[in-house]
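The whole structure should be built from the sequences, with the hints applied where relevant.
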Amino acid sequence: TQLLEQSPQFLSIQEGENLTVYCNSSSVFSSLQWYRQEPGEGPVLLVTVVTGGEVKKLKRLTFQFGDARKDSSLHITAAQPGDTGLYLCAGTYGGFKTIFGAGTRLFVKA
Amino acid sequence: GAVVSQHPSWVICKSGTSVKIECRSLDFQATTMFWYRQFPKQSLMLMATSNEGSKATYEQGVEKDKFLINHASLTLSTLTVTSAHPEDSSFYICSASTSQPTRTGLYNEQFFGPGTRLTVL
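Taken in order, these protein sequences are the chains called V and D.
Whatever position you read off the first sequence (first residue = 1), add 113 for the numbering used here.
Whatever position you read off the second sequence (first residue = 1), add 3 for the numbering used here.
Just so you know, the hints here were simulated from the structure itself, not pulled from any lab data.
Just so you know, even glycine gets a beta-carbon here, dropped at the ideal spot from N, CA and C.
Careful: at least some of the hints might be erroneous.
Unchecked claim - With the Cβ distance kept under 10 Å, some of the chain V side facing chain D (calculated, not the full set):
| hint | residue |
| --- | --- |
| 1 | Gln146 |
| 2 | Gln150 |
| 3 | Ala191 |
| 4 | Gln193 |
| 5 | Phe213 |
Claimed, not checked - Computed cross-link-like contacts, DMTMM-like style, restricted to lysine to aspartate or glutamate with a CA-CA straight-line distance of at most 25 Å:
| hint | chain 1 | residue 1 | chain 2 | residue 2 |
| --- | --- | --- | --- | --- |
| 6 | V | Lys210 | D | Glu112 |
| 7 | V | Lys183 | D | Glu25 |
| 8 | V | Lys210 | V | Asp196 |
| 9 | V | Lys210 | D | Glu90 |
Structure representation (structure tokens):
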């Protein structure tokens, strides 16, 4: 059974602080996606990482795929209230199968 | 690109009625679409995988006669909640999948619709 553990489940920080969200598995993924979801809306794709060790940056967000393609992290620098939302990681394996992490609910206080 | 729409965005119905939710990929063809259910402050729960031209594959515990899925074309999948009851009230989200090539093979990327809020009275 494929499992994707995401941590922390909840994070409340002050504006300007940095944070890191982790997704870990014992399984190898062909790719891993990060999504952000706001209340009452569908998840929006932020990034897809494919290659082991890959690092992608999206403004203040840095995404990293582990060398063995079993884990990934999302780092946010100088968080802003607009970053508040539910962050989901999703790992793809076996071609078209995808599993989602439980999500990290981030709240950034002004 | 990769826009997925859902209709309606919200619906309120009486207990015992059926509700149909449409999911469309607007600018790409999706051979596979997924239907999820999301409870408040929780992650997504996969209900079923919908493949164009074939029967949907339901996850364990999801009643296929309760949640009817039709994937008639490469851009449209529908979810019908039959004889809805208050416990079916939830946020339903669809996604459409595309496959992207890499040096080592293909990987699946899902693009989500905006969701449908169903309230059964």
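Quick rundown of the hints versus the structure:
{"no.": "1", "hint": "Gln146", "verdict": "holds (7 Å)"}
{"no.": "2", "hint": "Gln150", "verdict": "holds (8 Å)"}
{"no.": "3", "hint": "Ala191", "verdict": "violated (26 Å)"}
{"no.": "4", "hint": "Gln193", "verdict": "violated (22 Å)"}
{"no.": "5", "hint": "Phe213", "verdict": "holds (5 Å)"}
{"no.": "6", "hint": "Lys210/V / Glu112/D", "verdict": "holds (10 Å)"}
{"no.": "7", "hint": "Lys183/V / Glu25/D", "verdict": "violated (35 Å)"}
{"no.": "8", "hint": "Lys210/V / Asp196/V", "verdict": "violated (28 Å)"}
{"no.": "9", "hint": "Lys210/V / Glu90/D", "verdict": "violated (28 Å)"}
Checked against the numbered hints listed earlier, the structure breaks hints 3, 4, 7, 8 and 9; every other hint is satisfied.
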